[in-house]
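Colleague: Since the structure of chain A is already known, use the hints to place chains B and C on it.
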Amino acid sequence: MNLAANIHGSLRAERRWALIIAYVSLCAAVVIFLLPPVYMLITSLKTNAEMSNLQGNPWLVRSPTLEHYGTILGNPLFLTFFWNSIKVTVLTVIVTMVISVLAAFALARMRFWGSQALATGVFLTYLVPDTLLFIPLYQIVGGLGLLNSTWGLVLVYPTLTVPFCTWIMIGYFASIPKELDEAALIDGATWSQMLLKIFIPVALPGIIAATIFAFTVSWAAFVYPTAFITTPDQMPLTIGVVSTLVRGDTFAWGQIMAGALLAALPPVVVYAFLMDYYIAGLTAGATKG
Amino acid sequence: MPDSMTAAVSAPRGPESGAGGGLRRLARRRSTIAFLMTLPLICVIVGLVAYPAVYAVYLSTLNRRMDEFAGLLQFEILVDNETFWLVVWQSCLFAISAVLAKALIGFWLAHMLHHIPTKGQRKWRGMLLIPWVIPPALSTLGWWWMYDPTYSSLNWILAIFAVPAVPWLGEPWWARISVILVNVWYGAPFFMIMYLAALKSVPEQLYEAAAIDGATSWQRLRHITLPMMQNIISITVLFSLIVTFANYDIVRVLTNGGPRDLTHVFATYAFQVGILSGNIPRGAAVSLFMLPALAVFAYFILRGVNRRNREMA
Amino acid sequence: MSENVNATSCNDVSLPRRAALLGGAATALTAPAVFGQPTTNIRCGFWDHWVPAGNDALRRLCAQWGERNRATVGVDFITSVGNQNLLTIAAQAQSRSGHDILSFPAWEPAVHARMLVNVDDVMGRLTAKYGAVTPAAEYLGKQDGRWVAIPAVSGTQMKPACVRIDLMQQHAGIDIRAMWPAENRAGPGADTWNWETFAVAAEKCNRAGFAFGLPMGSFTDAVDWVGALFASYGANVMDERGGITVRGNAKLRAAVEMCVRIARQLPNDVWAWDDASNNRALISGRSALVFNPPSAWVSARRDQPAVGAQCWTVPVPSGPEGRFVGYLPYFWGIWNFSRVQGPAKELLEFLSDRASAEVQTNTSAGYDIPPFLSMNDFPVWANEGPPVGTVFNYPIKAHHNARTSVAFAPAPPAMAVQAYNQALNTKLIARIAQANETVDQALGWLERELNTIRRGG
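Residue numbers (our numbering), protein chains in the order written: chain A, 7 to 295; chain B, 74 to 386; chain C, 2 to 458.
This is chain A alone, in the form it adopts within the complex (with noise of 0.2 Å):
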């Protein structure tokens, strides 16, 4: 009894300063995770002749101003540029989850020959950087006449999302008890019934999960875009927001900040609302067991 307790007493003293421990760690963590987002914000709100004044505190604003959010929306080119992104990610979403919910599905429920080497190529294909292929693919795409083209973008981004989506599916797929699909098959469904009707349900938070990540991913594409795009009114947001932005020799800071900013709004609302689905397919594998 009395040990029970000490220990029960000792456990609870030890809980509180963890907890006091974890909440000013939490803290901390959160003010310096936040600090460049917020200092974008600060700056997207300031004049251009506040900003370039090195008297006061470069953290406060003292004349707000929307100025650049104005300026920035007015610019056709960069309402060009959220359109070729909005183009280029949705394209890429569709092509990437036909293409991996169809060979998940596949490498998961079907053995065939070449299988295992292929769920092994798949993982190894994610070993290879987008920054190794650029050249090769400069050459590739320049070939097929579709640099500077938001085309050509959509050609080569699968490459991104592709492995890992078809990695989170067949982690989801094969989590599926087989006495479904044995069941089902007696009834005597076919194939493509059994992935309609049953996988693609059951599967649901992993498809939405993998869609999440290749919206994340087509939306954030840098290295290809940079090397392949370089007219203005192909670009996407990133490298439109980083090389026509940032303009002259002296730069727009509110612009770039505004601009930076809304940018990232699409992906952090998307996050904001589906983030559970988004970290569940994240860590698929480690929350099954």
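No lab work stands behind these hints: they were computed from the structure. Everything numeric in this text was worked out from a predicted model, so none of it was measured. Just so it is clear, CB atoms sit at the ideal spot from N, CA and C, and this is done for glycine as well. Treat the hints loosely; a few may be bogus.
Once the Cα atoms are required to be at most 25 Å apart in a straight line, the calculated SDA-like pairs of lysine to any residue come out as [said to hold, decoys possible]:
#1 C:LYS205 with C:ALA191
#2 B:LYS196 with A:LEU25
#3 B:LYS192 with A:VAL276
#4 B:LYS196 with A:GLY62
So the derived label-pair ranges between C-beta atoms look like this [said to hold, decoys possible]:
#5 B:LEU166 with A:ALA19: 37 to 47 Å
#6 A:VAL44 with C:THR128: 51 to 61 Å
#7 A:TRP65 with B:ILE189: 25 to 35 Å
#8 C:ALA307 with B:LYS196: 42 to 52 Å
#9 A:THR71 with B:GLY120: 43 to 53 Å
If the Cβ cut is set under 10 Å, some of the chain C residues that face chain A in the computed set are [stated by the list, open to error]:
#10 GLY67
#11 ASP77
#12 THR80
#13 GLY83
#14 LEU88
#15 ALA91
#16 ALA92
#17 HIS100
#18 SER285
#19 GLY286
#20 ARG287
#21 ASP304
#22 VAL308
#23 PRO387
Modeller: Just chains B and C now, kept in the frame of chain A:
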């Protein structure tokens, strides 16, 4: 993730075979259908990854104007070049120290998050994930402006504590640290979220049993948490090593390789040499040098994961 | 003339099929016919101007020409920040498609000479009218005896010193406005405006907390000013035939020593400065001097008028071998895959004439320097202000006794461009001033780097 990993690396499991001839015919048809279903994936891997990789090898054997076969000339020139060795050294330094810092910070934060009451976790987790959700090319712009030599707001904060202004991007070591800092800032939330998931999958009974045995918190960490998380730690570190090693956007936006090429990593150097200076074969050769390092990382970590999986099975 | 040119676009057998078909279609029409049709469509990629509103001039001029010649001229502006323009040029050369006319910075016409249309005819007419172009422009634009691109007005800049009148007077005791008045004469003490005086002033201003804002990174502002200093000491690192002239080069050593001396008086992070950092240093009021075209002053005038009113542009200090000013010209080139080469030439000739040049220079607050020496007398340079006359000495005037310099000239362009893009000259100085190497060690490194460039061809 280790589970799906093994699914990918070991054989994918089909429905149990062993039924009669009808099933065998079905199996033959099945393998044709399965092949057709994986065909788009095969096209992507072969056409956009394997073929370019081989093509890169071919490109790297050409001369600058790409009109003559030059053998290993590009590689010889690189091996003789001091700048290139700086790039190798910087890439390794960058990847290893950044991944280490991300892993430690991620681990610490995951632990802290795990400790606080569950109902508050979602809010904290959401805020802590923000650096990882913003496209890094854009958030790096914010960092760049905070590092600016004349208008640095970081130096302004330091000045409050009477710390002299830091030449963030001007002095080689500070520039290296700045680049690593941004990468850690961007990547630590990812580690945090992976570790948090792993922590949550450790059965609570294990801790309770340990508490009754009088284990200290260090012992619990050492003998329960770490072994249970080993796999996810390896996998996360592997991915992060590869992605960090091949990083491009942060260095490109912050320093463009300067000062004196001391912050160039493979990707930015390949870009500089290959596309900006118009020497595509040399650029291809630079990026091919990444392969051996990546293969070594992958080999070791995969081996570890597979061995542990066998032990657990 | 133009028929010949159109034919060349088909000679190139390596054109991709699509482009070849298009090229063929273009040759089928004779050039005058193309020229007269309202369907003529010229796509131009010009340099995105650093002076706010600097792009308007070209947009207006192109629209004007298009109206007059019943053609549509599409104009894109491509920034040089982050080397976006170099990327664009490389991508268009690679894919043999894109704009018809493109702006090429300094070395790029030489690099892509094989793919650029010969413009000897246009240059012949222009020089007949306006006299010679500045020699540096000819060195860069004329390859193997033929003009491969036309030296452009828009974007072509010099990098003389932009000095803070008050700070220079107060801390270095130099009345810069008296020395270089806004008149066609040198003031008292102008003959002492050499690197020695400059280094002393740099030290004094640094001690007073207003260090000169001279970038030492790998961007053009840095490479150009160091290149100008080297040129004024007669310090070459490579000769016309690609021979390396580093070893035992006393002039080079003298230039290096002077440059290191100045570099030690700069802020400690200049090694990472880009083309904008020096402007920010000036605009913030922290710096007494930068080497820059008037864009820095124009931005200061807008954002920090008090600073802007104290800026005065003066020639670069002179060295033992004369006065050289950093020169970063742009060129207008026509790709040989263009289907409208004839009209494109007409358009460029129009953009280069004196009236158009003056429009460009005026819109850019005097920033753009026409390549023809005879045009260095536009009134805009005398009238811009405040302070009025601040950019009078921005273009080269006769009493400056100055020449334009291109870093790493006279090396063969194919090699010089690599040395320039890798910023070998600023890195050489950085090795000594920042990394504390000896001059010999650093020169040894330079020699090895140049050898690597030679080996790679």
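Colleague: Each hint should be assessed against the structure and marked as holding or not.
Modeller: Results for each hint:
1. With a C-alpha separation of about 19 Å, the suggested pairing of LYS205 of chain C with ALA191 of chain C holds against the 25 Å cut-off.
2. With a CA separation close to 16 Å, the supplied pair LYS196 of chain B and LEU25 of chain A stays within the 25 Å bound.
3. Taking the CA atoms of LYS192 of chain B and VAL276 of chain A, the gap is near 22 Å; set against the 25 Å cutoff, the hint holds.
4. Only pairs whose Cα atoms come within 25 Å are accepted, and LYS196 of chain B paired with GLY62 of chain A is rejected, the gap being roughly 34 Å.
5. At roughly 43 Å, the beta-carbon separation of LEU166 of chain B and ALA19 of chain A lies within the given 37 to 47 Å, and the hint holds.
6. Judged by the Cβ atoms, the range 51 to 61 Å given for VAL44 of chain A and THR128 of chain C holds: they are separated by roughly 58 Å.
7. Under the hint 25 to 35 Å, the C-beta atoms of TRP65 of chain A and ILE189 of chain B, about 28 Å apart, fit the expected range.
8. Judged by the Cβ atoms, the range 42 to 52 Å given for ALA307 of chain C and LYS196 of chain B holds: they are separated by roughly 47 Å.
9. Remark: the range hint 43 to 53 Å for THR71 of chain A to GLY120 of chain B is upheld by a beta-carbon distance near 50 Å.
10. Using the Cβ-Cβ criterion of 10 Å, the hint placing GLY67 of chain C at the interface with chain A is not satisfied: the shortest such distance is roughly 19 Å.
11. A cut of 10 Å between beta carbons decides the hint on ASP77 of chain C: the least distance to chain A is about 6 Å, and the hint holds.
12. For THR80 of chain C, the interface hint holds, the least distance from its beta-carbon to any beta-carbon of chain A being 6 Å, beneath 10 Å.
13. Satisfaction of the interface hint for GLY83 of chain C is found here, the shortest Cβ-Cβ separation to chain A being roughly 5 Å, below the 10 Å cut-off.
14. Interface restraint check for LEU88 of chain C: the shortest CB-CB distance to chain A comes to about 5 Å, inside 10 Å, so the restraint holds.
15. Because the closest C-beta pair between ALA91 of chain C and chain A is about 9 Å apart, less than 10 Å, the hint holds.
16. Below 10 Å, beta-carbon pairs count as interface contacts, and ALA92 of chain C has one with chain A at about 5 Å; its hint therefore holds.
17. Taken as an interface hint, HIS100 of chain C checks out: its beta carbon lies about 8 Å from the nearest beta carbon of chain A, inside 10 Å.
18. For SER285 of chain C, the suggested interface contact is upheld, since its CB lies about 5 Å from the closest CB of chain A, less than 10 Å.
19. Given hint, GLY286 of chain C at the interface with chain A, holds; its Cβ is 7 Å from that chain's nearest Cβ, closer than 10 Å.
20. With 10 Å as the threshold, the beta carbon of ARG287 of chain C comes within range of chain A, its nearest partner Cβ sitting at about 7 Å, so the hint holds.
21. About 4 Å separates the beta-carbon of ASP304 of chain C from the nearest beta-carbon of chain A, less than 10 Å, and the hint is met.
22. At its closest, the beta carbon of VAL308 of chain C sits 9 Å from a beta carbon of chain A; the interface hint therefore holds under the 10 Å criterion.
23. Proximity of PRO387 of chain C to chain A is violated relative to the hint, the smallest CB-CB distance being about 17 Å (cut-off 10 Å).
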